[in-house]
Amino acid sequence: AQSVTQPDIHITVSEGASLELRCNYSYGATPYLFWYVQSPGQGLQLLLKYFSGDTLVQGIKGFEAEFKRSQSSFNLRKPSVHWSDAAEYFCAVAPYGNKLVFGAGTILRVKS
Amino acid sequence: EAGVVQSPRYKIIEKKQPVAFWCNPISGHNTLYWYLQNLGQGPELLIRYENEEAVDDSQLPKDRFSAERLKGVDSTLKIQPAELGDSAVYLCASSPPRLAGGTGELFFGEGSRLTVL
Numbered sequence: 015a016q017s018v019t020q021p022d023i024h025i026t027v028s029e030g031a032s033l034e035l036r037c038n039y040s041y042g043a044t045p046y047l048f049w050y051v052q053s054p055g056q057g058l059q060l061l062l063k064y065f066s067g068d069t070l071v072q073g074i075k076g077f078e079a080e081f082k083r084s085q086s087s088f089n090l091r092k093p094s095v096h097w098s099d100a101a102e103y104f105c106a107v108a109p110y111g112n113k114l115v116f117g118a119g120t121i122l123r124v125k126s
Numbered sequence: 037e038a039g040v041v042q043s044p045r046y047k048i049i050e051k052k053q054p055v056a057f058w059c060n061p062i063s064g065h066n067t068l069y070w071y072l073q074n075l076g077q078g079p080e081l082l083i084r085y086e087n088e089e090a091v092d093d094s095q096l097p098k099d100r101f102s103a104e105r106l107k108g109v110d111s112t113l114k115i116q117p118a119e120l121g122d123s124a125v126y127l128c129a130s131s132p133p134r135l136a137g138g139t140g141e142l143f144f145g146e147g148s149r150l151t152v153l
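As given, the protein sequences belong to chains A and B, one line each in that order. The numbering used here puts the first sequence at residues 15 to 126. The numbering used here puts the second sequence at residues 37 to 153.
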């Protein structure tokens, strides 16, 4: 079945530590790929997106993500996490036109 | 540039009552989406409009849910009657036309949180 998988429901990292959030998808062709962030009580904000070209994409707030076709993955990374990064992160794919399909999300907690 | 505007932000109703949510997309965005977000889950598409036309409503529970986008701008999502399981956040999003440089990115409103008692 076609799906987007975020295997980690919760992740806790120390402030200043590096972060990697995992995302895998199962679609036949390479879809458009996105990472969104959602703070409590807020809407979703786009962090970064991949359509084609360089497989390492830079986003806002110091985030980056790497597309790996062989692994059907699009993992989100940040070298040094700040307390304000605590939020829920959603990976999403757009396999067909404008329809966006989301993963279940990963809640990031940052400890000082 | 104004973002996607939704109202109300919060709504508490008793089961079997009707409820309506309103969304005003970003100016120039011809595609409008309603997503349902249950607690602890990612958003799920309910309906997608291209201008006034609903082009994907396969996930909309049509027995109690309805939506309209009469003039191709703002939209209303209605639930009648509401059930306990409808408690969730209803997100509206919009995106620009691909021909106008749209790349599939969706712009989301802050959502309408519904609590059904």
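Derived by calculation from the structure, the hints in this document are not laboratory data. Quick caveat: nothing in here was measured; it's all calculated off a predicted structure. Check the hints yourself; a few may be wrong.
Said to hold, decoys possible - Below, a list of computed lysine-lysine pairs in the DSSO-like style, where the Cα atoms sit at most 27 angstroms apart: (1) K107/B x K47/B; (2) K113/A x K114/B; (3) K107/B x K51/B; (4) K98/B x K114/B; (5) K98/B x K113/A; (6) K113/A x K107/B.
Against the structure, the hints:
{"no.": "1", "hint": "K107/B x K47/B", "verdict": "holds, 26 angstroms"}
{"no.": "2", "hint": "K113/A x K114/B", "verdict": "holds, 21 angstroms"}
{"no.": "3", "hint": "K107/B x K51/B", "verdict": "violated, 31 angstroms"}
{"no.": "4", "hint": "K98/B x K114/B", "verdict": "holds, 10 angstroms"}
{"no.": "5", "hint": "K98/B x K113/A", "verdict": "holds, 20 angstroms"}
{"no.": "6", "hint": "K113/A x K107/B", "verdict": "holds, 22 angstroms"}
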